[in-house]
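**Student:** Heads up: the protein sequence lines correspond to chains A and B, in order.
Here the first sequence stands for residues 1 to 522, where the numbers follow full-length UniProt numbering.
Here the second sequence stands for residues 1 to 184, where the numbers follow full-length UniProt numbering.
Please keep in mind that the hints were generated in silico from the structure rather than gathered at the bench.
Built from N, CA and C at the ideal position, the CB exists for glycine as well.
Be careful, since some hints might not be right.
Here are the simulated DMTMM-like pairs of lysine to aspartate or glutamate, each with C-alpha atoms no more than 25 Å apart in a straight line [what the hints assert, rightly or not]:
| no. | chain 1 | residue 1 | chain 2 | residue 2 |
| --- | --- | --- | --- | --- |
| 1 | B | Lys114 | B | Glu101 |
| 2 | A | Lys108 | A | Asp133 |
| 3 | A | Lys232 | A | Asp249 |
| 4 | B | Lys93 | A | Glu500 |
| 5 | A | Lys485 | B | Glu26 |
| 6 | A | Lys16 | A | Asp168 |
| 7 | B | Lys129 | A | Glu23 |
| 8 | B | Lys136 | B | Glu26 |
| 9 | A | Lys108 | B | Asp65 |
| 10 | A | Lys485 | B | Asp65 |
| 11 | A | Lys293 | B | Glu101 |
| 12 | B | Lys114 | A | Glu500 |
| 13 | B | Lys114 | A | Glu508 |
| 14 | A | Lys374 | A | Asp456 |
| 15 | A | Lys108 | B | Asp92 |
| 16 | B | Lys93 | B | Glu26 |
| 17 | A | Lys322 | A | Glu414 |
| 18 | A | Lys16 | A | Glu194 |
| 19 | B | Lys136 | A | Glu100 |
| 20 | B | Lys95 | A | Asp372 |
| 21 | B | Lys114 | A | Asp502 |
| 22 | B | Lys129 | A | Glu148 |
| 23 | A | Lys360 | A | Glu414 |
| 24 | A | Lys519 | B | Glu101 |
| 25 | A | Lys374 | A | Glu308 |
| 26 | A | Lys485 | B | Asp92 |
| 27 | A | Lys322 | A | Asp372 |
| 28 | B | Lys136 | B | Asp65 |
| 29 | A | Lys109 | B | Asp65 |
| 30 | A | Lys312 | A | Asp324 |
| 31 | B | Lys95 | A | Glu500 |
What the simulated footprint calls covered on chain A by chain B, stretch by stretch (three residues with Cβ under 8 Å from a Cβ of chain B suffice, anywhere in the stretch; the number is not a length) [unchecked claim]:
| no. | segment |
| --- | --- |
| 32 | 30-41 |
| 33 | 108-116 |
| 34 | 149-159 |
| 35 | 458-472 |
| 36 | 488-495 |
A short, non-exhaustive set of chain B residues, derived as facing chain A with CB atoms under 7 Å [as the list claims (entries may be wrong)]:
| no. | residue |
| --- | --- |
| 37 | Asp92 |
| 38 | Lys95 |
| 39 | Leu99 |
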Amino acid sequence: MNNNNEAVAAPVSELKQTVSQAEWQRVSPIAILYFAVAVLRFFAGQFVYLIPPFILLFNRIKDNPGLAIGMLTGLLLLITGAALLKYYYFQYRLSAGTVEIRSGVLSKKYLNLPFNRIQNIKLEQPIFYRPADYVCLQLDTAGSVHQEARLVALSRPFAEALKQHILDLRHSVTDESPSTEQQQASSEPPVVAEQLLNQRSLADLVIHGISNNRIWLFLGLAAPFYNQLADKVLELLLMAGIDLPALFDPGQQSWFVIGLYALSLTMLIMLLFTLFSVLGSVLTFYGYTLHKKQQNYIRRSGLLTRHEVSMKLSRLQCVALKQDWLDMLLGRLNLNFEQINGQQQIATEQKIMVPSVTLKQAHNLVRDACPDNKLSSVTFNHISRRFIWRYLLLYWLPVAIVAPLSLWLRQQPELALISVVPLSFWALLIVMRWYRYGYAADNNYYYIRRGYFGVDYYCFAKYKLQQVTFRQSWLMRRAGLCSVKLVLASGALEIPFINETDGRALLEQGLYQLQQSRKAWM
Amino acid sequence: MSNAAGFSNNQLAVEQITPLQALQSEALSSRYRLLRQGVNAGFFAGLMLLIMLLWWQPWWPVPADLMQVITHALWLVPLFGVLRAFYCWQADKNKHFALREHDISYSSGIFFRKMITQPVVRIQHIELKQGPLERKASLARLQLFSAGGALHTFEIPGLSLTQAQQIRQFVLQHKDALQDEQQQ
Numbered sequence: 001m002n003n004n005n006e007a008v009a010a011p012v013s014e015l016k017q018t019v020s021q022a023e024w025q026r027v028s029p030i031a032i033l034y035f036a037v038a039v040l041r042f043f044a045g046q047f048v049y050l051i052p053p054f055i056l057l058f059n060r061i062k063d064n065p066g067l068a069i070g071m072l073t074g075l076l077l078l079i080t081g082a083a084l085l086k087y088y089y090f091q092y093r094l095s096a097g098t099v100e101i102r103s104g105v106l107s108k109k110y111l112n113l114p115f116n117r118i119q120n121i122k123l124e125q126p127i128f129y130r131p132a133d134y135v136c137l138q139l140d141t142a143g144s145v146h147q148e149a150r151l152v153a154l155s156r157p158f159a160e161a162l163k164q165h166i167l168d169l170r171h172s173v174t175d176e177s178p179s180t181e182q183q184q185a186s187s188e189p190p191v192v193a194e195q196l197l198n199q200r201s202l203a204d205l206v207i208h209g210i211s212n213n214r215i216w217l218f219l220g221l222a223a224p225f226y227n228q229l230a231d232k233v234l235e236l237l238l239m240a241g242i243d244l245p246a247l248f249d250p251g252q253q254s255w256f257v258i259g260l261y262a263l264s265l266t267m268l269i270m271l272l273f274t275l276f277s278v279l280g281s282v283l284t285f286y287g288y289t290l291h292k293k294q295q296n297y298i299r300r301s302g303l304l305t306r307h308e309v310s311m312k313l314s315r316l317q318c319v320a321l322k323q324d325w326l327d328m329l330l331g332r333l334n335l336n337f338e339q340i341n342g343q344q345q346i347a348t349e350q351k352i353m354v355p356s357v358t359l360k361q362a363h364n365l366v367r368d369a370c371p372d373n374k375l376s377s378v379t380f381n382h383i384s385r386r387f388i389w390r391y392l393l394l395y396w397l398p399v400a401i402v403a404p405l406s407l408w409l410r411q412q413p414e415l416a417l418i419s420v421v422p423l424s425f426w427a428l429l430i431v432m433r434w435y436r437y438g439y440a441a442d443n444n445y446y447y448i449r450r451g452y453f454g455v456d457y458y459c460f461a462k463y464k465l466q467q468v469t470f471r472q473s474w475l476m477r478r479a480g481l482c483s484v485k486l487v488l489a490s491g492a493l494e495i496p497f498i499n500e501t502d503g504r505a506l507l508e509q510g511l512y513q514l515q516q517s518r519k520a521w522m
Numbered sequence: 001m002s003n004a005a006g007f008s009n010n011q012l013a014v015e016q017i018t019p020l021q022a023l024q025s026e027a028l029s030s031r032y033r034l035l036r037q038g039v040n041a042g043f044f045a046g047l048m049l050l051i052m053l054l055w056w057q058p059w060w061p062v063p064a065d066l067m068q069v070i071t072h073a074l075w076l077v078p079l080f081g082v083l084r085a086f087y088c089w090q091a092d093k094n095k096h097f098a099l100r101e102h103d104i105s106y107s108s109g110i111f112f113r114k115m116i117t118q119p120v121v122r123i124q125h126i127e128l129k130q131g132p133l134e135r136k137a138s139l140a141r142l143q144l145f146s147a148g149g150a151l152h153t154f155e156i157p158g159l160s161l162t163q164a165q166q167i168r169q170f171v172l173q174h175k176d177a178l179q180d181e182q183q184q
């Protein structure tokens, strides 16, 4: 059944066939080993918690080796059986422009992947493939992780040839426009100069550190050590004559004093955090520059390690201007160029973010990235007031009744009274959320505004849409309202509680733009 | 494929496009509804059997606490089963899909209606999935993957196998689906 060897001689021959001519093929039998390892891994992952009892029972097993051997053989047989079946049912078919994979023993899967959708090709060689030089060919699309196609166990020359074919196909397709660009460029000076778009000074970074507490990142990393750390801190404080548990014991102090202590302690910790945060900001963003070279954005920054990240402008999905309440007071905002999110979780260093720019600088940058956008002048439509009522009645009201009442009944009238503070804060959040929500659209772009106390603005081209969702509950239908969700490769944005005709028009225009313009989204 | 023969992809003016709300949506296969009812009935019958066994078995004295739970379960489980069956029946009745020249829509929900529209141009790859029971009933689930991420995988469940294959063919033969990446 192994057609690989024949294929090595003329690897591309199958790729000229049409789908109807192409034949289903099996991979090399060495794949059985691959599947066996996969099944074993699955078992190990599922039953990892059984290992400690096994170790405990080890003595018993030693006394009764027959049973243990029986179980082990059974397990081995099961794995072998599963691997054989998986191998038997794994088939692929190559034809001009597409790879198809049929797999699955009980649950069948049939995957169709056009070559021009492949973003990334990886060759993987587990150790047991090495002697016979087999590889596992992994084809990634721009969809998300774990959705890739895997052709397990192809001979290396065949896999390489296939990879080359797919890459060539992509280049021949995408190279057309760049080559004309290059020709034009050759008549001009050969080296295209970088154009400086933005630059951050140390003062900007200090402002960024104050308004964006990056400390939460550190705190998250330190989470496993909290207990030890807390013990150490308490010990130290006790040595200095401060007994924290006693200070916060309601039996010894009144609630008011405890509140005061808590407040001052929080302030102190916040101050420390802010200092750390400024330090973190300077470390990451020192010497920040954003350049534009041809159609690429290049970000350089870092005090100790210089990071250089570049992004093709066509990969940009959405521009986000994020301004939290502190940023608003300082008149600054963070500008994010959001790219594809699905394929791999892009680390913070890989993102292109311009920290703490002024409004004017931000609008200049947005104008460069999204030509003809009207973000700075557009008037946003408000969403319906029903948004407030929904969240107040559905979530807030039950809690607002139950929480103080139950505290009161438990003889905690002070706590019941205090609970009004977080409750009113929550209600304020809901109202602010409604107030901040806004949407607008012009011929080419969508604009969305949202936030609580701070504001985030999003601006993205209509043709970047991946999928749209229209949502409407029975009550919303009666009020002529709807919610829409616009899915981009960088994430989804929802606009809740808007006029039904507006919502439908938003979706319809977006779909029309993307289908009619036929522009690539990346 | 019959779809392929009559396939056209002429450009349409906005006024000509059927708006999403006016789409003639198609219901899922009736076998899907029956299958879901069967699975539901099977699951709750199995659960009931287990509880009855616990209730009647003479070999092992059931603790008093557990006995109380069992007596309640004896009427709660069938009630849940019937409610779920009713819910599934209604929910499945409200699942529809519709095809336009350039996109596929799937709507669902009883009180909270939802319609997802997936433009064909943005489809990255296609999967046709069949569990063992679905295979028996020759049903299939069609998954269309876009770059929107795993959370936004477009899925139409309960299509008859031929229908699913036809839609897959429609997507694969869609001119835009192949042209998209070629234009920069």
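**Student:** For each hint, tell me whether it holds in the structure or not.
**Tutor:** Hints versus structure:
A hinted pair counts as satisfied when its Cα atoms are at most 25 Å apart, and Lys114(B) with Glu101(B) qualifies at roughly 21 Å. Between Lys108(A) and Asp133(A) the alpha-carbon distance is near 29 Å, which puts this suggested pair outside the 25 Å criterion. A threshold of 25 Å between alpha carbons decides the hint, and for Lys232(A) with Asp249(A) the separation of about 20 Å falls inside it, so the pair holds. Only pairs whose Cα atoms come within 25 Å are accepted, and Lys93(B) paired with Glu500(A) is accepted, the gap being roughly 24 Å.
Between the alpha carbons of Lys485(A) and Glu26(B) the distance comes to roughly 23 Å, so the proposed pair stays at or under 25 Å and holds. A C-alpha spacing of about 14 Å is found between Lys16(A) and Asp168(A), which places the hinted pair at or below 25 Å, so the restraint holds. Taking the CA atoms of Lys129(B) and Glu23(A), the gap is near 21 Å; set against the 25 Å cutoff, the hint holds. Distance check on the hinted pair: Lys136(B) and Glu26(B) sit about 23 Å apart at the alpha-carbon level, within 25 Å; holds.
The hinted pair formed by Lys108(A) and Asp65(B) fails the criterion: a straight-line CA distance of about 44 Å is larger than 25 Å. Annotation: proposed proximity of Lys485(A) to Asp65(B) is violated, straight-line Cα distance about 48 Å (limit 25 Å). For the given pair, Lys293(A) sits about 39 Å from Glu101(B) by alpha-carbon distance, which is inconsistent with the 25 Å threshold. Taken as a hint, the Lys114(B) and Glu500(A) pair is honoured in the structure, with Cα atoms around 13 Å apart against an allowance of 25 Å.
With a C-alpha separation of about 15 Å, the suggested pairing of Lys114(B) with Glu508(A) holds against the 25 Å cut-off. Between Lys374(A) and Asp456(A), the direct Cα distance comes to roughly 16 Å. Compliance with the 25 Å bound is thereby established for this hinted pair. A threshold of 25 Å between alpha carbons decides the hint, and for Lys108(A) with Asp92(B) the separation of about 23 Å falls inside it, so the pair holds. Restraint check: the Cα-Cα separation between Lys93(B) and Glu26(B) comes to about 11 Å, which is no more than 25 Å; the hinted pair holds.
Our distance criterion of 25 Å between C-alpha atoms is broken by Lys322(A) and Glu414(A), whose separation comes to about 39 Å. Straight-line distance between C-alpha atoms of Lys16(A) and Glu194(A) comes to about 43 Å, which puts the hinted pair past the 25 Å bound. Restraint check for Lys136(B) and Glu100(A): the C-alpha separation of about 23 Å stays at or below 25 Å, so the hint holds. Our distance criterion of 25 Å between C-alpha atoms is broken by Lys95(B) and Asp372(A), whose separation comes to about 41 Å.
For the proposed pair Lys114(B) and Asp502(A), the alpha carbon gap of about 16 Å is at most 25 Å, so the pair holds. For the given pair, Lys129(B) sits about 15 Å from Glu148(A) by alpha-carbon distance, which is consistent with the 25 Å threshold. For the proposed pair Lys360(A) and Glu414(A), the alpha carbon gap of about 49 Å is over 25 Å, so the pair is violated. A hinted pair counts as satisfied when its Cα atoms are at most 25 Å apart, and Lys519(A) with Glu101(B) qualifies at roughly 17 Å.
This hinted pair does not check out: Lys374(A) and Glu308(A) have alpha carbons roughly 30 Å apart, beyond 25 Å. Taking the CA atoms of Lys485(A) and Asp92(B), the gap is about 23 Å. The hint holds against a cut of 25 Å. For the hint pairing Lys322(A) with Asp372(A), the CA-to-CA distance comes to about 21 Å; that is within 25 Å, so the pair holds. For the suggested pair Lys136(B) and Asp65(B), the alpha carbons sit about 42 Å apart, so the restraint of at most 25 Å is broken.
Distance check on the hinted pair: Lys109(A) and Asp65(B) sit about 46 Å apart at the alpha-carbon level, beyond 25 Å; violated. For the suggested pair Lys312(A) and Asp324(A), the alpha carbons sit about 28 Å apart, so the restraint of at most 25 Å is broken. Straight-line distance between C-alpha atoms of Lys95(B) and Glu500(A) comes to about 21 Å, which keeps the hinted pair within the 25 Å bound. Here's how the segment 30-41 of chain A fares: 0 of its residues keep a CB closer than 8 Å to some CB of chain B, so the rule of at least three is not met and the hint is violated.
Closer than 8 Å: that is the beta-carbon criterion, and the segment 108-116 of chain A has 8 residues meeting it against chain B, so the requirement of 3 holds. By the rule of at least three residues with a Cβ nearer than 8 Å to a Cβ of chain B, the coverage given for the segment 149-159 of chain A is violated, with 1 such residues. Under the rule that three or more residues need a Cβ within less than 8 Å of chain B, the assignment of the segment 458-472 of chain A holds, with 8 such residues. Evaluation of the coverage hint for the segment 488-495 of chain A: fulfilled, as 4 residues show C-beta separations to chain B shorter than 8 Å, against a requirement of three.
With a cut of 7 Å, the hint placing Asp92(B) at the interface with chain A is violated, because the nearest CB-to-CB distance is about 18 Å. Because the beta carbon of Lys95(B) sits about 15 Å from the nearest beta carbon in chain A, more than 7 Å, this interface hint is broken. Because the closest C-beta pair between Leu99(B) and chain A is about 14 Å apart, greater than 7 Å, the hint is violated.
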